[in-house]
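Engineer: Going down the list, the protein sequences come from chains Z and S. Here the numbering used here is used: the first residue of the first sequence is 1, the next is one more, and so on. Here the numbering used here is used: the first residue of the second sequence is 1, the next is one more, and so on.
Hints listed in this document are in silico derivations from the structure and should not be mistaken for laboratory results. Only true hints are included.
Here are the simulated distance ranges between beta carbons: (1) Z:34 to S:110: 29 to 39 Å; (2) S:14 to Z:141: 51 to 61 Å; (3) Z:65 to S:60: 48 to 58 Å.
Cβ coordinates follow ideal geometry from the N, Cα and C atoms, glycine included.
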Amino acid sequence: MPTERILVIVPCYNEQSAIASVVNEINRIRQLVDLQIDVLVVNDCSTDNSLQVIRELACIHLNLPVNLGIGGAMHAGYKYAFRNQYDIAVQIDGDGQHPADELVKILEPIRAGRADVVIGSRFLNNTGFQSTALRRMGINYFRWLNQLLVGQTIFDSTSGFRAFNRRTIAIVNDYYPDEYPEPESIVQFGLHKLRIQEVPVMMRDRQGGVSSITFTKSIYYMWKVTLSTLFAYIRLRNNPYRHGNPAY
Amino acid sequence: METLPIRIQILSIAGALVFMFVIARLIIKGRLREEYSILWIICTIILIVFSIWRRGLEQIALLLGVYYPPSLIFLAAIFAITLFLVHLSIVNSRMQESIKDLTHELAFLRKEVEKLRQKETVSATGIETPVNEK
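Let's have the full structure, built from the sequences with the hints guiding it.
Structural biologist: Set out below in structure tokens:
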């Protein structure tokens, strides 16, 4: 009998065409597997009809009054998970890239107590949507950077398809990076000595909406992430418990 | 080397005093926080000091080996401006952090209010409105 309470957090910014199918898919999986799953959609001040769509769906929702970006939206979700004492928090993007069928795979290492953080990676088996060549180059670079800083090889460090256990939830409740949080948070997890595990998942191309990272923004993205990763490393190396409660 | 002409001296003292007065008024009216005005007041004091102490600029320039004393003014001004911009960036970053936290709290409160409202309508009408939450 599963007793863990699981919160699936779906950040949503202008995803009116995709959000309904994402939430419905998760709800369908919930009925198939015997898990206690709640779905939380965080509406990051969408300017389209996302909010109206979300209100009709079978899910909990948070409605941010100011647009905070993906990091701020996820942080709201993690705070919600922490305050309501969920055992596991999962991020599934609102654009439909992360198929809910893979949810069980993502949850398994945490439920078995083998990992604190599970990252769904599209590069372990090289199946499904593989992203563009340029973006893969960037992802390779982040892999190298993470390897250098925390000594752990994460193949898909930009993947947002992630599951956290309670210990990790307590850490991200205190601090979660703002902008482009995925690569930076891996350094955060590494320096908190969390057990990170990657599992191969299939990803699809986005079902709607546009990526937050356009070509022109990619240069800025590389710089921003490199800098924030380095600074996160220096800050946390000197005091790994600056963010997060080790006793949790 | 010639000292500053008396006309420009009077002008700069007057300018500095007017500036000081404007800053003071802004603080009194509550439109400028004291902490941000510290640098401005220091700048004004320096300006007044050099307006009165006429040979001061030349002497310092001579001491530092600067051939053209006015360039020392530019150097100091640029330094002060840069310092203040960094200060503003720090203030801005702190504000962004606060806005994020407030936004989160507001979202949680909105959710609480919605929940309470739903409960209220249920208890008032006895009719369960379709609640999306589990």
